[in-house]
Amino acid sequence: MQRLLLAILFVITGSSGIAQGADFSVTSAEVQPKMVKIYGAGGIRGLEGYQSGFLISNQGHILTVWSYVLDTEYITVTLDDGRKFQGEIVGADPRLEIAVLKIDTDSLEHFKLGDAVGVNSGSRILAFSNLFKIATGDEPNSVLHGVVAAKTPLNARRGAFKTSYKGPVYIIDAITNNPGAAGGALTTRNGELAGLLGKELRNSQNGTWLNYAMPISELIPAIEDIIAGKTRPRSLNEDIARPDIPHTLKTLGIRMVPDVLAKTPPFVDSVTAKSAAEKEGLRPDDLILYINDRRVDSCATLRNEIELIDQIDNVTLVIQRDDELIEIVLQGE
Amino acid sequence: MPNLSSDEVHLGDNFVTKPLQIIALAVLLFSSVLPALKAQELIVPDAVLASQSKRIAAIKKASASTVMVFANEGKGGGSGVLISPNGYALSNYHVVQPAGTAMKCAINDGKLYDAVLVSIDPVGDVALIKLLGRDDFPAATLEDSDKVRTGDWCFAVGNPFLLATDFNPTVTYGIVSGVHRYQYPAGTLLEYADCIQTDASINPGNSGGPLFNENGDLIGINGRGSFEKRGRVNVGVGYAISINQIKHFMGFLHSGRILDHATLGATVSTDENGNVVVTNISESSDAYRRGLRYGDQLLSFGGRNITTVNGFKNVLGIYPRGWRVPISFLHEGDRIDTFVRLSGVHSPEELLARVQPNRQQPGGEPMPEGEPKPPAPRPVAKELPDVVQPFFAARRGFANYHYNKLNQNRIWNAYIDQTKPQDINGDWTLRGKLGNLGDASIVLGKTRVDADLPQGKAFAILDNDLGQQEAPRGSGGLLIALHLWKHIQQTGLGQFGDVYYLGSMPTPKHNEKQDVLVATHSVIECRFYFSPSTGLLTSMEMYPDLGVDPCEIYFSEYESVNNRMLPRQLEIIHGDTVYGELRLEDFEFNSNGGTE
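Chains A and B, in that order, are what the protein sequence lines are. According to the numbering used here, the first sequence is numbered sequentially starting from 17. According to the numbering used here, the second sequence is numbered sequentially starting from 1267.
Chain A on its own, in the form it takes in the complex:
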């Protein structure tokens, strides 16, 4: 019935982008059940402990942004109907600054990634998010309206915006650059998914804030890899084949910080002189996030993963140095 209503409205208003009759209230009602509120780490001044997300599968997969909010064992996901679930991180791609969570339920309304659309400059858009944590429980997310001002590569502004995402973004005139809006959904006027609202970004040169979203098409391969488990550490599989002569931290020339915690963050302590690591520019205090596309969350995981890489193969590390993500390839022998 709602679809029919929508179709009728569309006929009435024609296809003009400025027609006023498009009933956003119908669109909002359709989109809201797919939106979630995410609560995690933070909560101190300037670091809000919440963000937005939306369902992308009927198995409870949720797309959101990768941020400090997810840096906790206890991520709470509140559905549009008010039900609360604990969210597990399925995986993340720090280069795109996205993460996929999963909650233990199914048959939920969700966006189908395959149906995501591209939008052009001038397209009318809606932005759904829980900015400022205005909604709690079963209260719906906030909806802002606007148009796409431009589709442009974010890396054209490299140096101005501190983000590791280098792909194209939609610049929009809805003010989405607000606390908690990141992870929200950018949709067309009809509620078709078009983008993921990005993290707060401020131009370091002129102090302006950027309202933008990442096109879903840019994210799909990474999301699919995450859901398929391609970013999970291989060492979690017990029956994995092990090479006869693997790499070791020592042969690569890397010394990690002392492993004293259950999950010691994998920071580089020192780099051996004249080693492959030094040659490729690895430095003390670099944080290793990925090794051969597998996510590394501790020194132990790093060691286990290295043991699975044959010495003849390359080792690709994604490291975080200050606010920058750097890829370093250590050649195999």
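The list that follows gives simulated cross-link-like pairs (lysine-lysine, DSSO-like), each with its CA atoms no further than 30 Å apart:
1. LYS1752(B) x LYS1779(B)
2. LYS149(A) x LYS1413(B)
3. LYS149(A) x LYS1579(B)
The following label-pair restraints were derived from C-beta to C-beta distances:
4. ILE187(A) x LYS1377(B): 42 to 48 Å
5. TYR90(A) x ASN1481(B): 46 to 52 Å
6. SER233(A) x VAL1499(B): 31 to 37 Å
7. GLU1494(B) x VAL133(A): 29 to 35 Å
8. ASN1352(B) x ALA57(A): 56 to 62 Å
9. LEU1315(B) x SER137(A): 23 to 29 Å
10. THR1431(B) x ILE187(A): 32 to 38 Å
11. GLU1649(B) x ALA57(A): 57 to 63 Å
12. GLU1649(B) x SER137(A): 57 to 63 Å
Derived from the structure by calculation, the hints contain no laboratory data. Even for Gly, the Cβ is constructed at its ideal location relative to N, Cα and C.
Since chain A is already given, all that's left is putting chain B on it; use the hints.
Chain B alone, transformed into the frame defined by chain A:
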């Protein structure tokens, strides 16, 4: 081939002879045909044109009722909106508070009007002012804001950044981003409950101004936004007080009083099952007397299902102190549906201390606030402009007593016009039947009240403490209540005791909001409810003491007896029980010894 305009065709008629002319013509044609071609391609669908003219009409209508408030010699101000032809206008408390009692207001007819403060609602951040000098102001149409849905188009009109020095307000368009939003108060003031969230730009100076739906009908009063890092300018999140909340307060806002919001006398939280349960309850609250206890689950309140704490606060925030609101809860597995009287957030003295002038304050610049700070107490009244003088009366506890007196007189005169009680100043005798129990007669005398009821005889001595006499048993003090009913009619408002107009509210038996006069005689507080449509007294409550259930009498079936409107039916209720229905067959009035 596109059609050419007649001018261009005329040019073509001559284009035979000289090559130079032909070239010139070609250039001319080329340059003139191109725009013509473009004009041809731009076919604007009728729906767009219709939508456009609808929008123009809506903005025109809405802008006319928008008020620009200028206060403090032009250093402060904000917005407002006219809601009646005789000049009543809504604004924010935080806009008018720094202005004091009188202010200057402009509308887009290009004129500046004197305006006077009528009432303030500091908790709800609402104020009612009155523009003076006309009775044909363009007033906004009040919409039912519960019909507003997320995604609806809306627009704000007002005076952002006090730009409207030419008296033409600024219009900002947007959509409704959320409804039934709850935004916490600053301390106990400026609570935005059940408000409308919009992405139409709401900036400093928009405060107090109207939010309209796409038809140009009033859905809310803008006053607040969520801000953070960009200072106090719009970041896409503005809030408007819903016009339905203000409708609840409308009678109160005309009372010239300093209004308070309500509390249930209980706090709630969400339990592990997601139910909203009572976590604390005051034993002196009406909710407690109605049976609400610790651990009970709240099901509905004010006619809305309660699923979250915010939902509960939303309902609580839209009612004035003193309203009776339907409530349903589960107590030990039993569902209880009843009405509960809401008490105040503050004691009257507390509220007064927060808002009354007590020291000279420089006027602050009113702005929508992220984490709002209550404005400084009102500056000590300056010399009022001459035109404002007749519309202001100072009285402790009131924003402007003039408007309270005005309403007292309005209500009382409408009542005594029909009942003419002042000339029957002797004893009154009422005879009739109490339900189907049997005959009843009650003599309301000067020094005592005597009743002969089916249950037995009862009396009250009027020289004794009235608060201690609850006869007949189980009625909550019917005889004293009837005495005071007679007494106020005989003395009029002036001689009865302390009387003020409270505002208007529905009762469990009247959906139409009734005008309420609160009258205190010695220590007994009575509330008299009058129907605004008939002007007649429809019910009264007599409180022998604070913290107990009153004796309620509902008057109905008025008939003209000797050219006097008299009630034939009196229903008496005490607490949760109906004491009886008194059917009056005969009235006997001794006016100075005479009998009717």
